[in-house]
Structure formats: structure tokens, C-alpha cells
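Colleague: Now for the letters of each chain:
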Amino acid sequence: MAEILKVSGLTKTYEGGHQALKGVDVSIEEGEILALLGPNGAGKTTLISIVCGISTATSGTITVGGYDHDRDFRAARDLIGLVPQEINLEPFETVMNSVRFSRGLFGKPRDDQRIEEILKLLSLHDKKDNRIMTLSGGMKRRVLIAKALCHDPRILFLDEPTAGVDVELRKDMWEIVARLKETGVTIILTTHYIEEAEAMADRIGVISKGEILLIEEKDALIKRLGRKELQIELSAQIDELPKSLADKDLRLENGHLVYTYDTQANSTGITGLLADLRAAGLHMVDLSTKQSSLEEIFVDLVKEGAA
Amino acid sequence: MNWNAIKAIYRFEMSRTFRTLAQSVVSPVLSTSLYFVVFGAAIGSRIDQVEGVSYGAFIVPGLIMLTVLTQATSNASFGIYFPKFIGTVYELLSAPVSFVEIVIGYVGAAATKALMIGLIILATAHFFVDLNIAHPIWMLTFLVMTCLSFALLGFIIGIWAGSFEQLQLVPLLVITPLVFLGGSFYSISMLPPIWQTVTLFNPVVYLISGFRWAFFDVADVSLFWSVAAIIGFMTACLLAIGWIFRTGWRLRS
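Heads up: the protein sequence lines correspond to chains A and B, in order.
First residue of the first sequence? That's 1 in this note's numbering, and the numbers climb one at a time after it.
First residue of the second sequence? That's 1 in this note's numbering, and the numbers climb one at a time after it.
Source of the hints: derived by calculation from the structure; they are not laboratory data.
Check each hint, because a few of them may be wrong.
What the hints assert, rightly or not - In silico contact screen, one side only, chain B against chain A (beta carbon under 10 Å); selected entries:
no.	residue
1	N2
2	A8
3	I9
4	V97
5	R252
Ideal Cβ placement from N, Cα and C applies to all residues, glycine included.
Next comes chain B alone, as it looks inside the complex (with noise of 0.2 Å):
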């Protein structure tokens, strides 16, 4: 294993990221801390309990989600594609490392900038929100695990986007509005039936309802299939990028 590279991508990776401080983390503070004026104070303040939890508090997890989903997700990909972009890229094909160290430095990097992030959220949540967290080491597995699948889905999206345009195009498109019906600010059982099932096939939900249980022991699908989905969603993005990289493709010609 060629430690000395892993260490050198997350590093070169992680000072990008404090670098662009203003851009990387007080950014996402303040739209999230937006969400809890507009949905928290103003229009939560008209809504009951939620499944026995304040409006304000319940969306706690689905914002931190939101916005952990998103970063893991643009970082990685942006990571990745950058020097695709600028061509540095030949550095990383020409150097004495396997791609597993390339992913361990990237998907890493992308993954603890956006465990960052939530951590901050998290935070600053308190600050609007009285918070008890039921399960605090299941809040932490989650959490990172979340970071670490979609940083790999990232890093997958990063290697096959051609342009700008199609890295902005998945976050945007899919993930975006997979977390917005994935229960981020209510609970599916205020859904109509139809649209109950019909949630059921976003996998976003498993992560936000096992999220939301460690918080508040309150789940709209069991637990077990929330681990499961996890993994599973982890396990489909490592079968991939193993197939990429076995493959060269979009890498090498």
C-alpha cells in the first residue's frame, strides 16, 4: 500500500477545502440555518408535534442530511473531475499507486469535508433547537457511513461527467430532489397512501428515517432496512467504481 500517495491526495485534497473556507463551510451553514428560520421559527411555529417531536427539532436530521448528502456528493465528484479537467490528472495515472489508494485519498477527503459539515450543522441546530440525541453512536454511523457511500457516488459521477454541466447535472437532478421527498422536512406518514409506497422506492428515505431514529427514536421504516440500505447503496458504489477502474474506463484510452 502506498500510504505516502493517500496521504498526499487527502491532503492536497483537504487544503483545497481550507482554502475555499468561505465556500466550503459557511456556505452550507447559512442556507442550512436559513432552513430553520423559514421552516423552523416562521413555519414551524404553526405546525404541531411531529410523532412527538417539536417541527423545529424533527427537521434537524433531514437538514443535516440535505446538506451532507449534497457535499459528499459535489466534492467528490469535483475533486476527481478537476484535474480531469485541467489535465493533472496524468500525475495520478502515471504515479506508482493503485486505485484503491486513489479512492481511499478521494473519497476520503470528500468524506470528511462533509462530516465536517453536518458536525457544524449539527452545531449550529442547538442554536435554534433544544436537541436530544437518542443514539448518539448510531447518529455517528450514520453519518459517516452516509458520507462515505455518497462521496464513492461522487467520485463515480466525477470520473464519467464530461463537462461541468453533467457534474452539476446528478446532484441537482436526482439527489436534490430525492432528499426533498425523502422525508427531510415530514414524516411519510403524513403522506396519502399511494404516495407512501411510491416513497418507499427512495432510497433516500431509509437513510433519513434510520438518521432521524438515533436523534429522536422515531422511524418511518424499521431500522434494520435503513442499515441494509446503507450498506447495500455503499456496496453498489464499490462494485462500481471497482468495475471503472478495472475497466480504465473514462480514465485511460
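Chain A extracted, bound-state conformation (with noise of 0.2 Å):
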């Protein structure tokens, strides 16, 4: 797969003195979903702003589809499209008119076929003379979605999609996303919920505090990172550890025992601790076996970059 888009040294500082972005490098394969994971003040939003030109950086470079973001800002914008994290519509258009608005700003000549072809991407055919302060709040952002695919972009940001969105329509926006990918676009979404990360992306990216913590694919990342437990459930309560087993990493959890191991090490000491049960006289009925979500492990690595 080529290269989309290249983020290079990117830092940004505001006025006041606060660095929101401290040397970020990334690299985009064409196609691909990375979800940019982190905390709010992370510097996503920065980010993103910079690279489809809201902001400007401090220094860095950025080319996407080869072309330098600045020198040649017309191709290098024409090529990306941007779903903000607010809903920053106009209330009073209706949805036909405020995305053949977007269109038109991309440089692209009329065409309310097209237009319509992506409103039926989005479900949104029917409600496309409907005023934009009519729509209810998931609609709102299909227009949003709709407004940055107008122009056919070959990328596209997605800020933050589901923030403030119950449910149901998360799960609809995710779909969304699978319908968009398989149309060939590259997507790069925010998100402070990990589960939406696993759900869509191909790559994570952690950033906190200005600073891109890793990029991995996410299968190898929760490998990589996963911790697992094993829950042990015995034949009878216990109230608390025997002392023979207090150096172990064991804990009790509703009179069950829980041990953490990494299966990355050279021994998980599961054998060790099946012999130390039965030598402290405990009888097991169960066992069972869990995978960390990536919300462990991504608080995990937030904690390890505060320290």
C-alpha cells in the first residue's frame, strides 16, 4: 500500500506558552482505518486541525498524496476531508444546499447526482430538503459526514464521531465507517472510547499529552500488550490469600481468585500456581481465561508516559 499521508516533527505551541503537540511523526497507508486514541487535551483535535489547515504549526511538515500541505495547499486540501467534533452546521439550510455549498467551496463543479449518491450512502436521501435545525442529532452528523465526502476526498478525518451519541447511533456510525472503508477511503478517527477503536481501526495510535506514545496494528497491539487474567473458582470460599500464596499476583474477587499474568513472558507461572493451590490445600471447580480490553492497556500506557 503507498503512502497517503506523512506527518513529519509536527509541534505546535500556542501563545500562552502551552505545547500542544511536541514532535509528532505519522505515517498513513492508503485505505487503512487508524484510530488515534486518547485522553481529552491528548492533542488530537490539534492535530487534525493542523493537518486539514484550521491551524497552523509551529514546525513540521506535512505532504499528503505527495504534495506539501502548505506549498501546495490546493491539491493537498482537495484530497482530505474533515468531520469536525462539533456539529457546526448552518440551521437554516437545508441539507441539499449546505453540502452543495461544501462541494462547490472544494472547487468541484455542480452535481446533484452525486450529491444524492452519498446521501443514500448515508441514509439521509430522504430528508435532503429538510431545513438542517429539523434533524435530530445523529442526522446532524451525517450531513457533517456527508458535507466532507462530497468532494470525493481520499481522506477522511473523523473527530471524535460518536462524542455525545447514545448508543444505537454509535453503532450506526460504525457501520458507516465499514461502508466508507470498503469505497476505498482512508480514515483517521478520534476516539476516547477504546471500544470503538477495536470495533473499526486497522492501526491504533496512542498520543497523550502531545505525543505519539506508539502506532501499532491493533491485533498485535493487544497481543503485544495483553495482559490476561485466569480466574480461578474454588470448591469453597475463602475469606482471604493463604500466606503461602501472598508473593504471587493473585487477588481475591467475590471469593474467587484472580491471577494476572503477561503472555508475553518467558514463563506465565501457571504451572507454579496450580502446584502452590493444591500444596496450600485449596480445590479448584473452574477455570477460565480473559483477554485485557484495550482499555487496560491504554491506561496503562498513559500512566507509563505521565511517569
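Starting from the two chains in their separate frames, assemble the complex, guided by the hints.
Modeller: Have a look at this one:
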């Protein structure tokens, strides 16, 4: 796959002295979905705003589809569509007019047929003549996506597409993103919902305090950083851990034992643990293991970054 | 040049004008008609001719200027402030458009609307007074130049404004007084000498004087200074806008 977006050494210091980005390097492959995961204030929106031309960088370079984002700003921006975090729409306009405006701004001749195709893709077609203020929140977000897509960009930025959206709409949005991916659009989305990144992304980048902590294939990330938990159910409930087991990574949860181990370690210590349990006179009825979620991985990473 | 973008902005702005037809067009016409009734008919009937022109006709250029200046300024300032206020300005900033295109789109639309209203008022005036326009081409040139330069000023105000209150501030506190004191309703030769001198510092005097000259061939200041004033004002606005866009002032963080 070809590289479609390259960000090198990007920094941003606001007038007040706050450093929002501290040398960000990212490379995006065409056709992938990258989720940028980070807590509030990590610099996600700042990064997107700079790439899309809304803010200016303090230093660093950006190339979009081979075009320098500054020198060839027209060619570069032509390839990008942005769905902002806030629902920023002209309330009194109709959906159709608003999308037509966006298409025109990006220098494309009027083409209502193409716009209607996009509205259909987003299940918005029956609302095309409605005024935007009469639409529900979920529909308004779709209008934003339609506006971002109407000039046929090759990269789509979705800044927190599901912030403040209920569960059903969130699932809807995931479906839309999956449909967009099929059309070949490269998607970069920011979120602080781990499950969202888990559900949609091919790669996940973790950003915290203006720095990219890592970018990795989603599955590899979960595997590499994955800690597993072994749940051990005992025949008889115990109130406290036997002293002989005190040095193990064990805790008591609702009467059963939970053992945490690193799947990447040379030895997981499970065999030894089972022997020790028997020695302590504890009898097992059931065993189960659970992979730690991205959320836990993420919290670990951000904590490490802070330390 | 991204002509499609200019067209898109212009159309979008004009569609707002037509959507709010009553507020955009009817209200200036109504208020001007009221001026005619009050100043032209009621008070004007007791005033002699001013420099050989009946008072009712004399105030027509001033009235048109009064409305056109206010409309051009407020339309353009609202046009660019509103996207800032509701956040849709992100689209302008992220689109492959240059600032020149943004200015042509917004200022062009605001000036068109002001010009339309100016012409409608001129037509309305015909119902109240007899008008013979001495230099129609000059009249139109002045009108168009005024619409454009005050739309440019409005654009600057819209970018500068951080609230709706500030948006109203300049038109209300600066433009209206300048127009009223700029000889809309009187010839500055009617003022005491000291005020005549003070008035010469009011840029609007030159606009109204030139515009009135185009109508009646009478002027407070020479045509040269009127033309120089409007070209100077327009240049100043263009320079200011050029600076705003080079620096991204109040637009890009």
C-alpha cells in the first residue's frame, strides 16, 4: 500500500506557551483506518486541525498524497475531508444546499446526482430538502459526513464521530465507517472510546500530552501488551489468601481467585501456581481466562507516559 | 483561481438574502419611505430649495447612501461573522480556497445586496419626488464603489468581532453618526463655518457629495476629492484585509 499522509516533526505551541504537540510523526497508508486514541487534551484535535488547515503548525512538515501541505495547499486539501467534533452547521439551510456549498468550496462543479448518491450512502436521502435545524443529532452528524465526502476526498478525518451519541447511533456510525472503507477512503478517526477503536480500526495510535506513544496494528497491540487473567473458582469460598500464596500476583474477587499474567513472558507461572494451590489445600472447580481489553492497555500506556 | 468556490459562497450568501426577503429588502424600503414622508413631505414642504434643488429631491442621494452604507457593512460583517459564530468557518479554512476567493465571494454578495437595495430605494424615491439624474454613469459608479468598499469594511468588522454586540457596535456608533453628519439631509454650506471645517474630516461627506453631484450637478466638495476619498478608503480596506489573511488574524489559531 502507498503512503498517503506523512506528518514529520510536527509541533504546536499556543500563544500562551502551552505546547499541544511535541514533535509528532505519523505515516498513513492508503485505504487503512487509523484510530487515534487519547484522553481529553492529548492533542488529537490539534493534530487534525493542523493537517486540515484550520490551525497553523509551529514547526514540522505535512505531505498529503505527495503534495506539500503548505506549498501545494490546494492539491493537498483537495484530498482531505473533515468531519469536525462539534456539530457546526447552518441551521436554516436545507441539507442539499449545505452539501452543495461544501462541494463548491472544494472547487467541484455542481453535481446533484453525486450528492444524492452520497446522501443515499448515509441514509439521508429522504431528508435532503429538510432544514438542518429540524434534524436529530444523529442525522446532523451524517450531514457533516456528507459535507466532508461530497468532493470525493481520499482521506477522511473523523474527529470524535461518536462523542455524545447514544449506543445505537454509535453502532450506526461504525457501520457507516465500514461502508466508507469499502469505497476505498482512508479514514483517520479520533476517539477516547476504546471499544470504538477496537471495533473499527486497522491500526491504533495512542496519543497523550502531545506525543504519539505508539502506533501499531490493532491485533498486534492487543497481543503484545495483552495481559491475561486466569480466574480460578474454588470448591469452597475463602475470605483471605493463604500466607503461602501472598507473593503471587493473585487477588481475591467475590470469593474466587484472579491471577494476572503476561502472555509475552518466558514463563507465565501457571504451572507453579496450580502446584502451590494444591499444596495450600485449595481445590479448583473451574478455570477461565480473559484477555485484557484495549482500555486497560490504554490506561497502562498513558500512566507510563505520565511517569 | 477556484471559481467554483467563489460561486458557491456567492450563491450561498445570496440565497440567505432571498430567504429573508422581508427583513433584507422590505424593511430598508419601508424605513426610507418613512424618511421621505417625514423629511420630504412634512418638514421638507417648509424648507426652501437647497442649491436649486427641491428639498425632497435633495435628500434622495443622502438617503440612498445612508441605507447602502449600513447595509453593505452589516451584510458583509454578518456574512463572515455568522460562520465564525456557529463554527462552520472550519469549512472555509480547510477548503482549497485562497483568501482572495473568500473575500470576492462574501464581499461580492454583500455589495450586490446593498446595490439592489440602493436601486430599489432609488425607484421608490421616484414615487415621492421628481428626479433627473444628471450623470447616470457616475451615479452608478459611485454607488457600486461605495457598496464594495463598505462591504470590505464590513468584512473586516465581521472578522474582528467576537460577539454580536461588537458586530453592531461599529455600524451603530460609527457609521450611522458619520452618515447623518455627512450631509445626508443638508448641504454642509448650511453649517456654521467652524462645523464646515470639522465636517471635512468626515469621509462620508466626500461620498455623499460626489453621489449628489452625480444626481444634481451640485457638490459640497470637488468631484476629484470625492473620487480620491472613495479610492483611498477602498485601498485602505484592501490593505487591511490583505494583512488579516497573511497573518490569519482572528481566524487561524
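Colleague: Checked against the structure, which of the hints given earlier come out wrong?
Modeller: none
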